[in-house]
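Chemist: Residue-level listing of the chains:
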Amino acid sequence: MSAGPLRDAFASATAIREAIGRREMSAEDACRHALDRIAATDGPLHAFQHVAADRALERARTLDRQAPPGGPLHGVPIALKDNIVVRGVPATAGSRILERYVSPFDATVAERLERAGAVIVGKTVCDEFAMGSSTENSAYGPSHNPWALDRAPGGSSGGSAVAVAAGMTPLALGSDTGGSIRQPAALCGIVGLKPTYGRVSRYGLIAFASSLDQIGPFARTVADAALCLEVISGADERDATAANQKVPPFASLAAAPEGDLRGVRVGVPERVLASGLDPAVRAAFDESVRVLARLGADVRPVDLPHSGLGIAVYYLVCTAEASSNLARYDGVRYGLRAGDASSLDAMYDRTRSAGFGAEVKRRIMLGTYVLSAGYCDAYYLKAQQVRTLIRRDFDQAFATVDAVVMPTSPTPAFRLGERTADPLQMYLADVFTVTAPLAGLPAISVPCGFSEAHLPIGLQLIGRAWDEAMLFRVAAAYEQATPWKDAHPGEASGAYDRA
Amino acid sequence: MASTLTRADVLRIARLAHLELSEAEVDLFARQLGEILTYAEEVQRVDTTDVAPTSHVIAAGTVWRPDTPVPPLDREAALANAPDASRDAGLFRVPKVL
Numbered sequence: 001m002s003a004g005p006l007r008d009a010f011a012s013a014t015a016i017r018e019a020i021g022r023r024e025m026s027a028e029d030a031c032r033h034a035l036d037r038i039a040a041t042d043g044p045l046h047a048f049q050h051v052a053a054d055r056a057l058e059r060a061r062t063l064d065r066q067a068p069p070g071g072p073l074h075g076v077p078i079a080l081k082d083n084i085v086v087r088g089v090p091a092t093a094g095s096r097i098l099e100r101y102v103s104p105f106d107a108t109v110a111e112r113l114e115r116a117g118a119v120i121v122g123k124t125v126c127d128e129f130a131m132g133s134s135t136e137n138s139a140y141g142p143s144h145n146p147w148a149l150d151r152a153p154g155g156s157s158g159g160s161a162v163a164v165a166a167g168m169t170p171l172a173l174g175s176d177t178g179g180s181i182r183q184p185a186a187l188c189g190i191v192g193l194k195p196t197y198g199r200v201s202r203y204g205l206i207a208f209a210s211s212l213d214q215i216g217p218f219a220r221t222v223a224d225a226a227l228c229l230e231v232i233s234g235a236d237e238r239d240a241t242a243a244n245q246k247v248p249p250f251a252s253l254a255a256a257p258e259g260d261l262r263g264v265r266v267g268v269p270e271r272v273l274a275s276g277l278d279p280a281v282r283a284a285f286d287e288s289v290r291v292l293a294r295l296g297a298d299v300r301p302v303d304l305p306h307s308g309l310g311i312a313v314y315y316l317v318c319t320a321e322a323s324s325n326l327a328r329y330d331g332v333r334y335g336l337r338a339g340d341a342s343s344l345d346a347m348y349d350r351t352r353s354a355g356f357g358a359e360v361k362r363r364i365m366l367g368t369y370v371l372s373a374g375y376c377d378a379y380y381l382k383a384q385q386v387r388t389l390i391r392r393d394f395d396q397a398f399a400t401v402d403a404v405v406m407p408t409s410p411t412p413a414f415r416l417g418e419r420t421a422d423p424l425q426m427y428l429a430d431v432f433t434v435t436a437p438l439a440g441l442p443a444i445s446v447p448c449g450f451s452e453a454h455l456p457i458g459l460q461l462i463g464r465a466w467d468e469a470m471l472f473r474v475a476a477a478y479e480q481a482t483p484w485k486d487a488h489p490g491e492a493s494g495a496y497d498r499a
Numbered sequence: 001m002a003s004t005l006t007r008a009d010v011l012r013i014a015r016l017a018h019l020e021l022s023e024a025e026v027d028l029f030a031r032q033l034g035e036i037l038t039y040a041e042e043v044q045r046v047d048t049t050d051v052a053p054t055s056h057v058i059a060a061g062t063v064w065r066p067d068t069p070v071p072p073l074d075r076e077a078a079l080a081n082a083p084d085a086s087r088d089a090g091l092f093r094v095p096k097v098l
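These protein sequences, in sequence, are chains L and B.
Everything in the first sequence is counted per this note's numbering, starting at 1 for the first residue and increasing by one.
Everything in the second sequence is counted per this note's numbering, starting at 1 for the first residue and increasing by one.
The hints are simulated quantities; they were obtained by calculation from the structure and are not laboratory data.
We treat Cβ as the ideally placed atom computed from N, Cα and C, and that holds for glycine.
There's no promise every hint is true.
To be verified - If we take Cβ atoms under 8 angstroms as the criterion, some of the chain B residues that face chain L in the derived model are:
(1) Ile13
(2) Ala17
(3) Phe29
(4) Ile36
(5) Ala40
(6) Gln44
(7) Ala52
(8) Thr54
(9) Ser55
(10) Val63
(11) Leu73
(12) Ala80
(13) Ala82
(14) Val97
Stated by the list, open to error - Cross-link-like lysine to aspartate or glutamate pairs, in silico, DMTMM-like; alpha carbons within 20 angstroms at most:
(15) Lys246/L to Asp467/L
(16) Lys96/B to Asp345/L
(17) Lys96/B to Asp84/B
(18) Lys96/B to Asp340/L
(19) Lys96/B to Asp330/L
Input sequences plus hints: build the corresponding full structure.
Modeler: As C-alpha cells, then:
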C-alpha cells in the first residue's frame, strides 16, 4: 500500500507541499483529506471549535488553478487557535461573551499563512481567553488527549495540539503566554514553539497579557515547525511590538540538521528540577540529556536562582494585564449583551458576569486587586522587579551556554476534572514554562519519551532572544537521534482512529 | 503571613472590575484569591533594592511608520457584531446613561 501523503494522516507539511508540487496530489485532495480526518476523529477528541470547510475547499481549489504551485505552504492544511481571527470566520476565544462574534478582519499571521499558500481549515478549542492549562476553561467543553481520552490535552492551546497529534492537520497555530503552546505540545507528544517576544505579530490575536502573549506553531516535526515560523515571522506596522529583526531561513536550517551537536553548550538547571517532578518525566529528561551529550553537546550545569519565583511573578503580571485587556468586553460594540439593564453601568456588570467563566472572573479580580490603589507597589511593581531578576538569571546562563534544557511539564497528561477544583494547583503545573515568556525568550518542546501508561513526555529547550535557529538545531538533532516523532496516538488503542 | 480577603474586599474589587458576583462566588473568590495571594507573597521577600521593573521585555524604542491614510473598517462591518446597533443611524445603542 502506498505510503504517500494522501494515505498517511501523519504526513508532514513538507511532504504534502512536495507531493502537491510534483502534482501527485492537489491542494483540494489535501484539504479533503484533512476535513475527512476531522469528520472521522473529532467527535471524541473535540479539537475543533469551528470547521470552515466550504471556505477551505474554495481556497484549495483556487490554489489548484495556480500554475506552477506557489508559496512554501502551498496547499498545506492548518488549524488556528480560536483566539486568532480570520475574516468572515467566527472567533470565540473559548468564551460565551464572543459566542456570535464573526471577525471583520484577518490576523497578520492568517494573512501571511494564506499568502504562503496554507489552507486554514478551522479554529481550535482553547481555554477561555487562553487562560488555563487543560482546555477545561473553554465555555464549549474541553478537548480530549488523543493518547488517552479521559486525559487533558494541556492548554490553553489544547485543541491545536490535538489536531496535529491526531493527524487532522500537519500544522496548527497556538498562542503562548505562560506555556500555552509548549505544555499541550508536550502532553500530546508533538513539537510546539514559543518564539521570541516580538518575532511574530499579534495583530488579530485576542489579547490576554500583552507583555507575554506570542503566537507560535505546532507540528509533528521540528522542520515543519521551522517552516511555519519562517512564514509567520517578521515586522508588522499594525503591531509595534513585532520587531524589525531579520528572519533567518529557519526552514532550510532545520531541514538539513548538522546531525551532531559539537560545539553546542547545553545548560541543565539542576536546582529548578529539584522537586515535584514525576519519576517518569525525570527519567525521560535524564536520558534526553545523555542523548544530547552523545550527539556531542557540551552539557554543563547552570543556575537560575530566581526561577522558583516564576509562577508567583507570572500570575501577578498576567492577571494585571488581563484585567486591563478584558475591560473591552462591555456589551457595546461586539459580543454578548445581557438584556434588561436599566442603566449603562448595570448593563456592563450583567454582561460581563453572564459572559465570562469562573477562571476569567478569578483572574480579572486578581489583576484588578494587584493594580488597585494601595496594593500596586506591593504586588505588581514587586513582580515586575522580580521579573527583571529572572531575566538576569538567563542573561548570566547564556554567557556560558547556548541553550537551557528542562522538562516542559512536571507530569504527563493529567485526568480531565482532576485539577479543576483548585486553581492554585493548576497554576503550579506551569512551573517550567512561565520563565521563558517572562524573559521574552524563545522555547521549544519536543517529544522525548513516554510514561508507563504510554503518555507522551516533552523536553523543553530555551534559547537566547532571537536565536530560534539554535533551538531548531538542537531539537532537530535530538529528533533525528530518537524514535519519538514516529509514534502516533490511536495506533495502540484504535479507539477513535478509523480514518 | 497569609493574605486574607474579606467579603467587603471582594465586593469592592468586583465593583472596580464591573462584575456582578453571586453570593457563592463572593465566598469562593474570597478564599481562592486569598490562597493565591498568600502563595504570591514570596515575591515580597525578595530584595529588589535598585532593581528596575520590567514592563517591556525587548527594548524596541519608539517604532515609526509612515503616516499614510488607509481606508478604515467600513461602518457596516463595524456595526455587524454589535448586540444593539442602529444600522440606519450608524450608531451603537446603549441603555440610558443619565
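Chemist: Work down the list of hints and note, for each, if the structure agrees.
Modeler: Hints, verified against the model:
1. Ile13: Cβ of Ile13/B sits 5 angstroms from chain L, so the hint holds.
2. Ala17: holds, 4 angstroms
3. Phe29: holds, 6 angstroms
4. Ile36: holds, 6 angstroms
5. Ala40: holds, 4 angstroms
6. Gln44: OK, holds: Gln44/B within 8 angstroms of chain L, min 6 angstroms.
7. Ala52: Interface hint status for Ala52/B: holds (6 angstroms vs cutoff 8 angstroms).
8. Thr54: It holds, given that the least Cβ distance between Thr54/B and chain L is near 4 angstroms, below 8 angstroms.
9. Ser55: At 6 angstroms from the nearest chain L Cβ, Ser55/B passes the 8 angstroms test, so the hint holds.
10. Val63: holds, 4 angstroms
11. Leu73: holds, 6 angstroms
12. Ala80: holds, 7 angstroms
13. Ala82: holds, 6 angstroms
14. Val97: holds, 5 angstroms
15. Lys246/L to Asp467/L: holds, 11 angstroms
16. Lys96/B to Asp345/L: holds, 10 angstroms
17. Lys96/B to Asp84/B: Satisfied, since the Cα-Cα distance of roughly 13 angstroms is no more than 20 angstroms.
18. Lys96/B to Asp340/L: The given pair, whose Cα atoms are some 12 angstroms apart, holds under the 20 angstroms limit.
19. Lys96/B to Asp330/L: holds, 15 angstroms
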